[in-house]
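Colleague: Protein chains in written order, with the numbering used here: chain W, 7 to 121; chain D, 58 to 171.
Some hints could be false.
Unchecked claim - Quick list of in silico lysine to aspartate or glutamate cross-link-like pairs, DMTMM-like style, CA-CA up to 25 Å:
#1 W/K48 to D/D95
#2 W/K64 to W/D90
#3 D/K114 to W/D37
#4 D/K101 to W/D90
#5 D/K114 to D/E136
#6 W/K74 to D/E136
#7 W/K11 to D/E159
#8 W/K48 to D/D130
#9 D/K101 to W/D37
#10 D/K101 to W/E32
#11 W/K11 to D/D95
#12 W/K48 to D/D83
#13 D/K101 to D/E116
Think of the hints as simulated: they come from the structure by calculation, not from any bench.
Given next are the chains, with one letter for each unit.
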Amino acid sequence: QQQVKQSPQSLIVQKGGISIINCAYENTAFDYFPWYQQFPGKGPALLIAIRPDVSEKKEGRFTISFNKSAKQFSLHIMDSQPGDSATYFCAASNTGGTSYGKLTFGQGTILTVHP
Amino acid sequence: NAGVTQTPKFRILKIGQSMTLQCAQDMNHNYMYWYRQDPGMGLKLIYYSVGAGITDKGEVPNGYNVSRSTTEDFPLRLELAAPSQTSVYFCASSRLTGLAFEQFFGPGTRLTVL
Chain W
7 QQQVKQSPQS
17 LIVQKGGISI
27 INCAYENTAF
37 DYFPWYQQFP
47 GKGPALLIAI
57 RPDVSEKKEG
67 RFTISFNKSA
77 KQFSLHIMDS
87 QPGDSATYFC
97 AASNTGGTSY
107 GKLTFGQGTI
117 LTVHP
Chain D
58 NAGVTQTPKF
68 RILKIGQSMT
78 LQCAQDMNHN
88 YMYWYRQDPG
98 MGLKLIYYSV
108 GAGITDKGEV
118 PNGYNVSRST
128 TEDFPLRLEL
138 AAPSQTSVYF
148 CASSRLTGLA
158 FEQFFGPGTR
168 LTVL
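Whole structure, please, built from the sequences with the hints as guidance.
Modeller: Structure, rendered in structure tokens:
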């Protein structure tokens with residue numbers, strides 16, 4: 007019940023296109039959903055996050071869409087650029103429970119944006 | 058601020074050897090974490106700490122030990138290294154001040170056990 011399932015495992019997009027990465031969770035106690043971005047040879051870094059009281063959050067070219075009833079959330083990257091090529095991880099946390107501060111990560115998506 | 062620092066960057070161990078992966082943060086964060094990252098498997102939590110002197114197991118703690126004697130440092134000990142411990146290890150820290158939090162990651166240690 008602690009799993010977060012992420013798809014696709016890899017994604018190739020042309021420059022200017024839209025990249026979409028999906029995540030699904032089972033634990034209904036999760037109430038915080040961040041996305042992390044990782045460049046080769048680096049540690050992950052927070053990109054954008056959402057709480058379930060809103061259905062969408064946008065920061066620049068990055069948007070999280072959240073569907074509470076389906077227990078799914080997705081990352082959309084508009085006007086994808088070669089510099090967006092990285093591994094993206096979705097994650098989830100139950101901030102109201104004993105696991106506050108802990109994140110459960112998805113398996114990761116390797117995004118390649120071709121020029 | 059240096060953020061989260063990890064040493065060494067790379068290490069090759071022989072089966073049965075032991076080593077300590079060092080992690081330090083200068084952000085005065087109360088929470089610290091150790092993860093391992095394997096291809097296609099995401100990040101798995103090994104151990105975490107909510108403050109000096111307090112540690113707890115994560116999802117994959119077997120074969121590892123931790124200690125937290127100061128706020129700044131959170132070393133990870135591998136005893137009797139096995140090939141299954143070949144992985145990239147990340148240390149992270151976080152200050153929890155509300156309903157959202159950010160984990161800051163170090164650059165990682167790539168460990169190979171032969």
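Colleague: Confirm or reject each hint.
Modeller: Structure-based check of all given hints:
1. W/K48 to D/D95: holds, 14 Å
2. W/K64 to W/D90: Holds: W/K64 and W/D90 sit about 16 Å apart, inside 25 Å.
3. D/K114 to W/D37: holds, 22 Å
4. D/K101 to W/D90: Roughly 24 Å separates the two Cα atoms, so the pair holds.
5. D/K114 to D/E136: At roughly 16 Å apart (the allowed maximum being 25 Å), D/E136 and D/K114 satisfy the hint.
6. W/K74 to D/E136: Roughly 43 Å between the alpha carbons, so the hint for W/K74 and D/E136 is violated.
7. W/K11 to D/E159: holds, 21 Å
8. W/K48 to D/D130: Roughly 20 Å separates the two Cα atoms, so the pair holds.
9. D/K101 to W/D37: Holds, at roughly 20 Å.
10. D/K101 to W/E32: holds, 17 Å
11. W/K11 to D/D95: holds, 16 Å
12. W/K48 to D/D83: Holds, at about 18 Å.
13. D/K101 to D/E116: holds, 6 Å
In summary, the one numbered hint that this structure violates is 6.
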